[in-house]
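Trainee: Sequence:
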Amino acid sequence: MSVALLSAAAVALDALLGEPRRWHPLVAFGRFADRIEQRFNSGGRGWRSHGVTAWIIAVVPLTLLATALSWAPLVGWLVDILALYLALGLRSLGEHVEPVARALRGGDLDEARRRVGYLVSRETADLDETAVARAATESVLENGSDAVFAALFWFAVAGAPGVVLYRLSNTLDAMWGYRNERFERFGWAAAKIDDGLNYIPARLVALTYAVLGKTRLALKCWRTQGPTWDSPNAGPVMAAGAGALGVELGGAAVYHGQLHQRPPLGEGEPASADAIDRGWQLVQRGVWLWLLILCLGAEFYA
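Each number in the working numbering comes from the position in the sequence shown (counting from 1) with 19 added on.
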């Protein structure tokens, strides 16, 4: 079965079922990763070498298992579909961002703040309507890249082993990749590996956003604003996405009690509930475009 058909099946399964409500493998992996971190980084005393060792123990055996299962006769294609389905978060992303837009339209700022708090790590209790919309729009653009497009990319490159390697690495970055006293050294490997795995997908996503939106403005924002962002991958994605939507993102945000003056992203109108909806639609249309490209590629090489 072609990569295009396998990818389409996994996307359809995600649209139909969403994320598993119980017994999600990534939840179990997160508990496993916590135990590994406690073993190798007790009291935040782990060094970079400990972080590398912990990453290998957490990721490599499961990636090898996915490789063996995907090569199994008769059921290998089913393993491929399930691996990509479990790595995707398209429907879940919509289920998280749409309530924020609805709450803003209904004038319920407290509910919008509560809902956007599920999406972002910044403090949301004092955000005004524009800041809530800005946070949600940034989240849908960035999480679309991390939770959807990068998974599709690595599945197209290496099947189930590729998507398992990517999703586990991305999960460890979310758990260990912080620049604080506890994880500065130990989490270095997880952060750098995730940056490497996302480098090409992030730029393909930025190009996708540009093609499907205000192309010239998106390319301009990508070129001029993307490099100003701390993250080498989130910068291009969110700058291009903001330009594609013609909306202003970035700016000041409070993380863990500290005010961070982030560079501006995009150009145009202030963020709003409409910007959240258009960002979500941009991600959805991008998925259809990627599936179409995979199908055309399969026909070309057939």
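No wet-lab data here; the hints were simulated from the structure. Since the structure is predicted, the reported quantities are computational estimates derived from the model, not experimental observations. Take the hints with a grain of salt, since some may be wrong.
[Stated by the list, open to error] Computed spacing ranges between beta-carbons, pair by pair:
id	residue 1	residue 2	range
1	R133	T243	48 to 54 Å
2	W66	H275	20 to 26 Å
3	P283	P92	53 to 59 Å
4	W96	G126	47 to 53 Å
5	R281	R124	25 to 31 Å
6	T243	V79	37 to 43 Å
7	D127	L93	47 to 53 Å
8	W96	R124	15 to 21 Å
9	L93	L278	21 to 27 Å
10	A47	P92	23 to 29 Å
11	C314	S61	47 to 53 Å
12	L97	R281	39 to 45 Å
13	L93	R198	42 to 48 Å
Just so it is clear, CB atoms sit at the ideal spot from N, CA and C, and this is done for glycine as well.
Trainee: Taking each numbered hint in turn, which are not upheld by the structure, reported in ascending numerical order?
Mentor: 1, 8, 9
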